[in-house]
Amino acid sequence: MPVKRVDKTHMPEREAQQRARDFLEVNDGYALSHAAFEAERCIRCQEADCVDGCPVGVPIPEFMHAIAMGDMRGAAKILRSANPLPAICGRVCPQEDQCELVCHLAKRFEPVAIGHLERFVADWERAQPDDEPPTQPWRPEKIAVIGSGPAGLVCAGELARLGYPVTIYEGLHAPGGVLRYGIPEFRLPKDILDWEIDLLKKLGVEIVCNVIIGKTIKLDELFDDLGFTALFIGTGAGLPMFLGIPGENLNGVYSANEFLTRINLMRAFQFPQVETPLKVGKRVAVIGAGNTAMDAVRSALRMGAEEGLIVYRRSDKEMTARVEEYHHAIEEGVQFHWLTNPIEVLGDEDGWVTGLKCLKMELGEPDESGRARPIPIEGSEFVLPMDNVVLSIGTTPNPLLVKTTPGLETNRKGGLIVDDGRGETSRRRVYAGGDAVTGAATVILAAGAGKDAAAAIHNDLSGEDPPSNEENILGQASQSAN
Amino acid sequence: MPKILEKRQLTPITQLFRIDAPMIAAAAQPGQFIIIRVRDGGERIPLTIADYDRDAGTVTIVVQEVGATTRQLGAHEPGEEILDMVGPLGEPADIPSGGHVIGIGGGFGAAALLCLMRELTNRGDNTTVILGARNQELLILVDELRAACRNLELCTDDGSVGFKGFVTQRLEQLIEGDGPGKPDHVIAIGPPVMMRAVAELTRPHEIDTHVSMDPLMVDGTGMCGGCRVSVGGEVKFACVDGPIFDGHAVDFNEAVRRSKMYVKEEEIAACRAKEGGYV
Numbered sequence: 012m013p014v015k016r017v018d019k020t021h022m023p024e025r026e027a028q029q030r031a032r033d034f035l036e037v038n039d040g041y042a043l044s045h046a047a048f049e050a051e052r053c054i055r056c057q058e059a060d061c062v063d064g065c066p067v068g069v070p071i072p073e074f075m076h077a078i079a080m081g082d083m084r085g086a087a088k089i090l091r092s093a094n095p096l097p098a099i100c101g102r103v104c105p106q107e108d109q110c111e112l113v114c115h116l117a118k119r120f121e122p123v124a125i126g127h128l129e130r131f132v133a134d135w136e137r138a139q140p141d142d143e144p145p146t147q148p149w150r151p152e153k154i155a156v157i158g159s160g161p162a163g164l165v166c167a168g169e170l171a172r173l174g175y176p177v178t179i180y181e182g183l184h185a186p187g188g189v190l191r192y193g194i195p196e197f198r199l200p201k202d203i204l205d206w207e208i209d210l211l212k213k214l215g216v217e218i219v220c221n222v223i224i225g226k227t228i229k230l231d232e233l234f235d236d237l238g239f240t241a242l243f244i245g246t247g248a249g250l251p252m253f254l255g256i257p258g259e260n261l262n263g264v265y266s267a268n269e270f271l272t273r274i275n276l277m278r279a280f281q282f283p284q285v286e287t288p289l290k291v292g293k294r295v296a297v298i299g300a301g302n303t304a305m306d307a308v309r310s311a312l313r314m315g316a317e318e319g320l321i322v323y324r325r326s327d328k329e330m331t332a333r334v335e336e337y338h339h340a341i342e343e344g345v346q347f348h349w350l351t352n353p354i355e356v357l358g359d360e361d362g363w364v365t366g367l368k369c370l371k372m373e374l375g376e377p378d379e380s381g382r383a384r385p386i387p388i389e390g391s392e393f394v395l396p397m398d399n400v401v402l403s404i405g406t407t408p409n410p411l412l413v414k415t416t417p418g419l420e421t422n423r424k425g426g427l428i429v430d431d432g433r434g435e436t437s438r439r440r441v442y443a444g445g446d447a448v449t450g451a452a453t454v455i456l457a458a459g460a461g462k463d464a465a466a467a468i469h470n471d472l473s474g475e476d477p478p479s480n481e482e483n484i485l486g487q488a489s490q491s492a493n
Numbered sequence: 052m053p054k055i056l057e058k059r060q061l062t063p064i065t066q067l068f069r070i071d072a073p074m075i076a077a078a079a080q081p082g083q084f085i086i087i088r089v090r091d092g093g094e095r096i097p098l099t100i101a102d103y104d105r106d107a108g109t110v111t112i113v114v115q116e117v118g119a120t121t122r123q124l125g126a127h128e129p130g131e132e133i134l135d136m137v138g139p140l141g142e143p144a145d146i147p148s149g150g151h152v153i154g155i156g157g158g159f160g161a162a163a164l165l166c167l168m169r170e171l172t173n174r175g176d177n178t179t180v181i182l183g184a185r186n187q188e189l190l191i192l193v194d195e196l197r198a199a200c201r202n203l204e205l206c207t208d209d210g211s212v213g214f215k216g217f218v219t220q221r222l223e224q225l226i227e228g229d230g231p232g233k234p235d236h237v238i239a240i241g242p243p244v245m246m247r248a249v250a251e252l253t254r255p256h257e258i259d260t261h262v263s264m265d266p267l268m269v270d271g272t273g274m275c276g277g278c279r280v281s282v283g284g285e286v287k288f289a290c291v292d293g294p295i296f297d298g299h300a301v302d303f304n305e306a307v308r309r310s311k312m313y314v315k316e317e318e319i320a321a322c323r324a325k326e327g328g329y330v
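The listed protein sequences derive, respectively, from chains A and B. To convert, count from 1 in the first sequence and add 11; that's our numbering. To convert, count from 1 in the second sequence and add 51; that's our numbering.
Treat the hints with care, as some may be off.
As the list claims (entries may be wrong) - With a straight-line cut-off of 25 angstroms between C-alpha atoms, the simulated DSS-like cross-links for lysine-lysine are:
#, chain 1, residue 1, chain 2, residue 2
1, B, 325, B, 58
2, B, 315, A, 290
3, A, 290, B, 311
4, A, 293, B, 315
5, B, 311, B, 287
6, A, 414, A, 229
7, A, 293, B, 311
To be verified - Here are the simulated distance ranges between beta carbons:
#, chain 1, residue 1, chain 2, residue 2, range
8, A, 220, B, 315, 24 to 34 angstroms
9, A, 220, B, 173, 31 to 41 angstroms
10, A, 220, B, 106, 24 to 34 angstroms
Everything labelled a hint here was simulated from the structure, so no lab data went into it. Quantities reported herein were computed from a predicted structural model and do not represent experimental measurements. We put the beta carbon where it would ideally sit given N, CA and C, even for glycine.
With these hints in hand, go ahead and build the complete structure from the sequences.
See the structure below:
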């Protein structure tokens, strides 16, 4: 029977003072006892809104039941039937806006800690791998996936499970996309990412790095010369935006993408054991208040900055970062300058950053985004002394592939236009999903889009619908029975 | 992984590598570049494509052993492989056809003129290369460049061969009508100071001038913005908008300043590489 406890089981995490100086993971994860204890809180609703709240439709009540019964292998199978990247999503999904938001318990108490349990079960599976042999694709139609971020990985995994030979093309030297270059080690350890990618390889997915579709190989060559039947574009939203204020090209001003890529992909925190450096001074301002901004400012502290500041023209109410990340940042000593609009980066005679000139703002009527519009307060100019400025004000889809591919239509923000739910672009049998379509969004929305596109590709090629999550679980159970 | 087929020492610190890279060779066009990484933990560095052979499936690069990666690459021998190599990146050179084009190469940047000038010559342009170095020993790819253009002009600071003086001094003479004569278009590839001097020289004559920028870069696909260059007051990314820009519009002061951002760290890493610290 479900057990009535009003609060979530607390996620053990490392001491803020200690963790803010290294790149090891912040959260320690549940122990087995925590997991069963928390899963017992699920009341197994008839109408499980949590499942609808999940972009990949994880059968959450069944998942909870398996954990509560102590059947971790079963729980892992249920989880993986719907989500090919559970160890990642359990760490980076905004569950508070999705499954946990609509959890019936949340009406009166705290919701079930679905995210923490997802992370726990995926980690349990990693520690106790089952010894299922690698599978081989059996269908004739080859499928190419462009980009190895969350959308591409999930799409590839789903298609591989349906029997298609899948090749992922990645432009960088290591797969994972934003999971590799964007999300820091302290939130998503790279060995977790490597493990999830290895599982895809076990399904027969081939990953080719250092190939940029649109440059090394044109999109049409994938069809004409390399014999692919269908394509999925998951090239993300990798193009950083700048503010266009004076001083933005001074030495010591970075886009969050550059700042984080040097740290995460190139491991600049190990310089000079590795060759890629990153200059981080005593005071670092990060402009913006999304998850990427939190990642950047917390990374700055770990790179040795004495002070890390968030500078945001709106207030904490309009901040787009997850509450968990915001709290972690506060605990680690990040300073928040709300209603502060940067108007100029100041530099010395050698061209290095010395300060950030800002204006105080107040909130007015809601703007087109529905959030209160920030309005400058006249005469409120002031200067924050600063050594580095990191711009984290958003990214847009990378136009590289579109520029070199005839017939691929985009919207005015550069996102690929696709038909709803299926993900087919303006080109026949060219599908797309994730940030390349929506602009910068979340890992799980990209995963969901990858999954939907895989189903649409399968339907397109075979005329069949892919098995439901329930059928997947049964299929896996019968496979393990054999 | 791309295998090194040929290695040639061009000067005591300059080396040419011909690399087996059929996919890149098939797609490469003059003016574009590649990014390489030579070991796990290594940096990603951009290198201009000096030449390519689509039939043989090879790409040629020329490097100067100055940094951590180029020193490690310099120790590679034919038969060995390069860990990571991606490209071609950037936009191809776009020089209007039908006129007299002068290509100016300084230092190892001259190598980047090779495939470009050959293509311009083949399409019927009148082509001149002004190749400069401190002395005769340091001039690179003289025979190859001679074959790639109609007129080759050599310059050395000490006068050991050709014109005694800088490439810009010889260019000035040509603009005034000497030798192969005044150009309709100029493309300069080399150190920023040289490219700036060329651009300043051609500006009063309103000669269309292209320069190939080589800023700090990480991914090379427009993702990090580390390579931003101010061109005519607009911010451009050298990796996707360039690397070739209008020489009269580039803010060279900013470019030089930005290129020095990691001088100290580059020295530390280069020393470490020299001492065999990266294996």
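Verification of the supplied hints:
no. : hint                              : verdict
1   : B:325 - B:58                      : holds (19 angstroms)
2   : B:315 - A:290                     : holds (10 angstroms)
3   : A:290 - B:311                     : holds (12 angstroms)
4   : A:293 - B:315                     : holds (18 angstroms)
5   : B:311 - B:287                     : holds (19 angstroms)
6   : A:414 - A:229                     : holds (11 angstroms)
7   : A:293 - B:311                     : holds (20 angstroms)
8   : A:220 - B:315: 24 to 34 angstroms : holds (31 angstroms)
9   : A:220 - B:173: 31 to 41 angstroms : holds (34 angstroms)
10  : A:220 - B:106: 24 to 34 angstroms : holds (26 angstroms)
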